[in-house]
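Asks: Chain by chain, the residues:
Number of protein chains: 2
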Amino acid sequence: MEDFTYYNPTKIELGRDKENNIGEYIADAGIKKVLLLYGMGSIQKSGLYERIIASLKKAKIEFEVLGGVVSNPLLSKVNEAIKIAKDKKIEAVLAVGGGSVVDSAKAIAAGAKYDSDVWDFFIHKAQIKEALPVFTVMTLSAAASEMNGNSVVMNDETLQKYSIASVLVNPVVSVINPELIATVSKEYLAYSAVDVISHCIEIYFTASVHPNFNSRIVESIILSIMETTEILLEDPDNYDARAEFAWVAIQGLNGLTPAGTKGGTFPNHMIEHSLSALYNVAHGAGLAVVIPAWMKWYKGQNISQFKRFAKEIFKDSDADKGIEGLESWFKKIGAPTTLEELNIPRDAIDAIALNASETAKVWGFSELYPKETIAHILQKA
Amino acid sequence: MEDFTYYNPTKIELGRDKENNIGEYIADAGIKKVLLLYGMGSIQKSGLYERIIASLKKAKIEFEVLGGVVSNPLLSKVNEAIKIAKDKKIEAVLAVGGGSVVDSAKAIAAGAKYDSDVWDFFIHKAQIKEALPVFTVMTLSAAASEMNGNSVVMNDETLQKYSIASVLVNPVVSVINPELIATVSKEYLAYSAVDVISHCIEIYFTASVHPNFNSRIVESIILSIMETTEILLEDPDNYDARAEFAWVAIQGLNGLTPAGTKGGTFPNHMIEHSLSALYNVAHGAGLAVVIPAWMKWYKGQNISQFKRFAKEIFKDSDADKGIEGLESWFKKIGAPTTLEELNIPRDAIDAIALNASETAKVWGFSELYPKETIAHILQKA
Chain A
44 MEDFTYYNPT
54 KIELGRDKEN
64 NIGEYIADAG
74 IKKVLLLYGM
84 GSIQKSGLYE
94 RIIASLKKAK
104 IEFEVLGGVV
114 SNPLLSKVNE
124 AIKIAKDKKI
134 EAVLAVGGGS
144 VVDSAKAIAA
154 GAKYDSDVWD
164 FFIHKAQIKE
174 ALPVFTVMTL
184 SAAASEMNGN
194 SVVMNDETLQ
204 KYSIASVLVN
214 PVVSVINPEL
224 IATVSKEYLA
234 YSAVDVISHC
244 IEIYFTASVH
254 PNFNSRIVES
264 IILSIMETTE
274 ILLEDPDNYD
284 ARAEFAWVAI
294 QGLNGLTPAG
304 TKGGTFPNHM
314 IEHSLSALYN
324 VAHGAGLAVV
334 IPAWMKWYKG
344 QNISQFKRFA
354 KEIFKDSDAD
364 KGIEGLESWF
374 KKIGAPTTLE
384 ELNIPRDAID
394 AIALNASETA
404 KVWGFSELYP
414 KETIAHILQK
424 A
Chain B
44 MEDFTYYNPT
54 KIELGRDKEN
64 NIGEYIADAG
74 IKKVLLLYGM
84 GSIQKSGLYE
94 RIIASLKKAK
104 IEFEVLGGVV
114 SNPLLSKVNE
124 AIKIAKDKKI
134 EAVLAVGGGS
144 VVDSAKAIAA
154 GAKYDSDVWD
164 FFIHKAQIKE
174 ALPVFTVMTL
184 SAAASEMNGN
194 SVVMNDETLQ
204 KYSIASVLVN
214 PVVSVINPEL
224 IATVSKEYLA
234 YSAVDVISHC
244 IEIYFTASVH
254 PNFNSRIVES
264 IILSIMETTE
274 ILLEDPDNYD
284 ARAEFAWVAI
294 QGLNGLTPAG
304 TKGGTFPNHM
314 IEHSLSALYN
324 VAHGAGLAVV
334 IPAWMKWYKG
344 QNISQFKRFA
354 KEIFKDSDAD
364 KGIEGLESWF
374 KKIGAPTTLE
384 ELNIPRDAID
394 AIALNASETA
404 KVWGFSELYP
414 KETIAHILQK
424 A
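Each protein sequence line maps, in turn, to chains A and B.
Each residue of the first sequence is one higher than the last, beginning at 44 in my numbering.
Each residue of the second sequence is one higher than the last, beginning at 44 in my numbering.
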């Protein structure tokens, strides 16, 4: 087992109606003024916006408001918000939405306490030393951004989709009311399931040190995500399945699965970020296309773990059956598994591979994933 | 799934030699003076004491020292330490040892910030509102006290072994160097394994709401504890198994397994606390005796979960085979499974049952466990 530091100080408040306490949670932290950040207005249609405002007012929290965060969130919006945060002396960022809104909030929180360009953190030119506190009310479960310090943002000038990771931007409190997530479409539920599974399998397959306990936890997460997804596709209002999905999704990327492992990489995310940077596909949809292709290519490099995966998840110890099983399950839940289904032409593969190979450099594994290798993997998609 | 709050702000530093950074970790928290608390002197023999002192001096942390904490830690020692903490204006408690030392440190931390008798917290006469920060360097893994807010202390006047639970006494930083734990005897390794398993199965069997994910996590913990225990009994110096055991033990009682469950109780702990209060047996040894007896008695109240346990842990879906399997495994690793092996006479059962029934009142489930029921369970031991 490799040495590690585990530290996750985010408080999770899971349950019905807990969004109505958000003002109180913020006030308890001694904060008097927040920036309320949200997406494309669904929270106004659902009435959630009004409830959040009412809770802030009740707790005497002042607020500025900024909407318009899109999926695959943009640096331009982050910079717009940082300016507001600095000008209006904002003390915390309250994200109401899914992973994109939370990821943006984290970048804003770091940028608001930094005198230069927030993109410096994403290209590893500077380290986050300080950040505003972040609070969240979740309307989508997948990214686990509600309980980690990760943020992925796309630079809309350079088309680079890069990330930061710092415990300083871990949310202080994240509210997860499964009822708020029940409005998510079946399509996005499927993408969410793929995303959670992707978080788990990256290190599971690529780490050079991977204790048995970590494998068991990953398998538990995958089995529970598959089980609850199938229940929810049949019965979207099943509260218990929705709640379990939400909590399990968090376990997929809150620091538990990699603790004690060594040498794991995130190749599927690396490649997918370029798909969505260049073609603006949903992250989970892009992953569903990349993962089976990557698995077929990578299998021989860790055959014992692929056999284990097949056995534990699909009750068949043939490694290929694990890959086929996962690909079939993606299809069954309605996720795409080919570039064609994403409307990405095959002659785009070179450009995607070039973009991804730049990410590989920033993430420090360009030797493992030169452009040609990435193109070769994408040919299988 | 039941509503819940999950909040565990303890930072875990796991790895070789990390105890040498303890002064730095404490200084990082802005603390200038600690009470160094330890047990019966094994840390002096091993040289750990000197390394801790050196680390504190290097970080310019002043310290007072108090040893002599025993297994089944005593309130009298806690009170002695609280007096020192108040008199010497101690700012934090540094526990170096196993669960008993850490549990004592938490009670001291709460008591040092309280004007009246610390026992008030244990008998639910007062609530913890404030506490000194706690830091730990672990020499034994089992209790998970290094990553939770629980403390069990025995009142040596009344022979009541009671507990507190507050996130305010969660350690700020816990150092786990698996090499420091490698000196634990095979006997105490076995007791530790039993203790971890006990933490997991209490809620697993007794909760009225228990999501599948929680069952999977519990089963993962139990399988990994059994696996690493067997490796360590053969090869005590196996670093990886020791590290995995230590980390898995923490997962057994850090808030993960009960999140989202409802109605779970801790009957085996309740009964065992009376065994060790009256007969001063090791906690894990007492549990190994109580658990099979309790399982035989309780089985019919949750037969489906007992069948699941048998299938997942012992590959046999007969509920009785799960109980027999666990009892046999306890014997195999050298844990006692009868009162006789603990040198507890059968005519002591009434007194133990009476003591435990008092705990049942404090813990709020005296209707489920009147004295007669507890005596009936102990007759099976």
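What the hints contain is simulated information worked out from the structure, not anything from laboratory work.
Here the structure is a predicted model, which means the values were calculated and not measured.
Mixed in with the good hints, there may be bad ones.
Identical chains blur together in the list; that is why a pair holds if it fits in one copy or across any two.
[Said to hold, decoys possible] Quick list of in silico lysine-lysine cross-link-like pairs, BS3-like style, CA-CA up to 27 Å:
1. K342 / K129
2. K88 / K100
3. K354 / K364
4. K75 / K172
5. K354 / K132
6. K61 / K305
7. K229 / K404
8. K131 / K423
9. K76 / K339
10. K168 / K88
11. K374 / K339
12. K364 / K375
13. K100 / K414
14. K374 / K342
Asks: Which hints, by number, does the structure contradict?
Replies: 1, 5, 7, 8, 9, 10 and 13
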